[in-house]
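This is what each chain is made of:
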Amino acid sequence: MADLNDGRLDLRRSRGRFIAFGVVAALLVLGLGGRLFQLQIVNGEVYTGRAVADRTVEVAIPAPRGLVFDRSGSPVAVNTPSWTVRVRPADLPDADRRRVLARVAELTGTSGARLRARLEAFVGSPFDLVPIERGVTREAALLIGEESDDLPGIVVAVEPTRRYLDETGAAGGALLSHIVGYIGPVTRDDLLTLEDEGYLRDDLIGKAGVEASFEEELRGTYGSELVQRDASGRLVRVIETIEEPQSGTNLMLTVDAEVQRLAEQSLIWGMDVAGVSQGVTAVMNPQTGEILAMVSLPAYDNNKFAAGITTEDFNIYLADQNQPLRNHAISDIYPPGSTYKLVTGIAALEEGVTTAGREWPTYGCYQIPGAPEGECLFDWNRQGFGPLAMVDAFAKSSDTFFYQMAIQTGIDPLAAWARELGYGELSGIRLPGEEPGIIASTEWARQQGRAGVFTGELAQAGIGQNVIAVTPLQVLNSYAAVANGGNLMRPMIVRGETDADGNLVREYAPELLHRIDADPATLQTMRIGAREVITSGHAYNIRDLDLPGALSGKTGTAEFGELTEAGTLPFHSWFVAYLPSAAGATDADLAIVSFNYSAVVPGNVSAEVVKYFLQLYYDLDQDLRLDPNDFSLVTAN
Amino acid sequence: MGVATATLVETFKARDWRHFDVQLLLYVVLLITVGVVMGYSAGFNDPGAGPGASQTVKTLMWAAIGLTLFFVASSVDYHWLQTLGAPIYVLVLGLLAITMLIGTNLFGAQMSVTVAGLDFQFSEVSKVFMIAVLAAYLASRRERIGRLSTILVAGALMAVPTFLVFRQPDLGTALVFVGILIGMLFMSGASLGWMGLMAAAVIGSAPVVVSMLHEYQRQRLFCFLDPYADAQDACFQLVQALNAVGSGGWLGRGLTVGGEDQRGYIPVQSTDFIFTVVAEDLGFVGGIVVLSIFGLLLWRVLLIGWQARDSFGMMISVGLASMLLFQLMVNVGMVIGVMPVTGIPLPFVTYGGSSLISLMFGMGILQSIRMRSHKPTL
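Residue numbers (our numbering), protein chains in the order written: chain A, 1 to 637; chain B, 1 to 378.
No wet-lab data here; the hints were simulated from the structure.
A virtual CB, placed ideally from N, CA and C, is assigned to each residue, including glycine.
The reader is advised that the hints may include incorrect statements.
[Said to hold, decoys possible] Derived, one-sided and incomplete: chain B residues facing chain A with beta-carbon distance under 8 Å:
1) G189
2) I288
3) G295
So here's chain A without its partners, still in its complex pose:
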């Protein structure tokens, strides 16, 4: 043979390597043939048998999620049919991924990057259908269907989507979002524990509010069916239904959406005139603990979550310093200020520090016992009130009176009575994210590495300042317990179960947490005091409302944070009230609390909010709301 490398060739052509390449290639191809022989001829029978078995698979049938109705039976969380675009990753070649998702994004009016992110976030089998866009319009769904030849792996199907309604039945998630909450896709971490409970990889689960806390009831029981899968894993036909799905339980809230709207309307007004950016109003039936309204502002739109919230929208919520995603009524704790004098009063009476009739001197500034001369704590009224007994001291909200009560009672008995009234503990309301709060005690001081609480702190604790932090719901529930004659109820958010039309079919029983272990006379003294707050104290003109009962309550101003340039502290405003038929009666069926965060205006905005709410709720002709410019007419505290 001629030498191929002769002269004209610039690389040496190696016969050896050509032969090696050829031999390797031949061996490899032979190897494939051998494996083919093994599969088809030697083990053919085995695989033929398996081929049948692997074609059927048990698939879950999702149960329709339970509906949620308000107290009056109007739906506030429903399932509406909507189109969902899904991807089966195995059918979508990597090389086509960008093009296909970009086209789907174009048709559905979203961005390809977002769809890709959702697809990539999914962890599971490439044969699962990954939902990448929910709530797609019918038109877009049809267009995607028409182009299905060019959109491999894309499947469009109708599926129920959660929709949250307001009191009129229109889509309006913000009204009840903190109560109803929302559902969203299960996360990878959730799945580790939930897969055993039958959750699917692309399943939805309650993430907040009743949707989360009543997940078990609302979810229902998924059924299952035996289906035939095709080669690409698609379901071809149902062979048999193994188990029918059981619809989720329909629930009725204790909340009345219309009352909720009134509470929201009055709170928005008050926050607006006082320039407040966070506020709470909650309304309860003291006899049962049923929450009739619970507004936390700012709120969020849970319909955005139901449709799959965008990162931008979610980040806007997260970045908002007023924390719209948090239910401030139960998840955030604030100093209760003078509303806490209820605790101090009951503690002092029960611990024998004072009697209902015993008068104590009050001061412009109270000298702390044991502290250097001149180290005193001011009353909000720098003149002092002269001698006062419990009822008047509560009505006038004398700080120096309650400093003395607290110091005489001692920190641990005071803390024990706080717990007796539901502070420092979870109320047990069936909503996620409740906070127990902080109640100063010797134990609490020790946890901070101190031997005990300072006397100054003890005095401050007596007026709900500095070392006390509570949720608005705790304040409401403690007054409700006193109002109903001493039953600390577990606040209820769901009233019972309904049929599909919102008719109550099974009512949940109110739950007594415990009887308040106090002399009925003590509670009566405090109820009289609360009535006096309205009639002779400084709740100002709220007494002039033509209400069907003897409104009783307490104002509060709670300083917090750091000194302003004017040398004063910013403060929150509180007002809590209930409406018995007569002064001291225990038949109140309405209690309300309003809280305004950093409401630094001369008057008590919260009292104005409650006043406005009562006007709306009882449909009064009166409008006694103060001119916003005239808030200074109301004495604070």
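Please arrange chain B on chain A, whose structure you already have, making use of the hints.
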């Protein structure tokens, strides 16, 4: 006669066609036919939307375009690829970089050129172009071929496009690039010692590459180790493929006749699994026939390389041989459960216009090399 004397005039000399390798074209046409028939058979009873007929028509359109390109490439002296080596390399990088960087949303559709409703992807043709680029480089190394620098520079040349397609993400094409590089280096006469070291380094970096994969890619990748461990999910496709192949027996179940109890279980949507259709419908005999055609084709390609007039032609030939062998091995190996599931098309058979056109272009170049070689005695 030297390389430089190849001129346009010579290009069209009628005598070139006397050396036209009919066998090469025959095997290619046979494989395309297998692809068309099997694609039609697979789609025939597909319960999903993919209509077999329209896919068949598309494949035939691509085949027509491919054949045209094949004859054009055959008739032109292949040395234009050597002359334009550098610009071609820049072009490949540019196309792949654009695909990776802005191949999103708005520009996504533009990165695959649409001709009469047929999409075209650049990563496929970049394989053929990269073979030409490497061939031009290796041919220029002459007596320095045995140095380490040869391997390093060739590796670097290949690393950039490999990374770009890997990030697309297109794991399959990235692996093919690596296969081509190894095959060509070996055939160029590069130092076996240095290549061994390089191979060790590549194997050492495998865990890093695996960690960069998407979860579903990873799951599929390792199915072949124990497909029945996760038969319902990640490995469902592979299990179905094994069962389909296994149930083919000696002569198979025949074309399109399976009916609902048979057809529909072969992963027709992922045409990378087309060989399962061959094995199930035509059985062991059919599978061996197809493998044999590939064997014959590889033989022709290697022979053309051996007989090529110059190193550049030789290197292109062995590059194409490496690509074909690698894709054959990984694709068929995947279907029969001896290779990881990666998504590499079976040359000529898997439905896909970009792949077919690029292959036909490569075969045209091969034919061009063949027609311009001095036929030596063996």
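Now the hints, each set against the structure:
1. Taking 8 Å as the C-beta cut-off, the interface hint given for G189/B holds, the closest approach to chain A being about 5 Å.
2. The closest approach between the C-beta of I288/B and any C-beta of chain A is roughly 6 Å, which is under the 8 Å cut-off, so the hint is satisfied.
3. At about 5 Å, the closest approach between the beta carbon of G295/B and any beta carbon in chain A falls short of 8 Å, and the interface hint on this residue holds.
Hint check: no violations occur; every hint is consistent with the structure.
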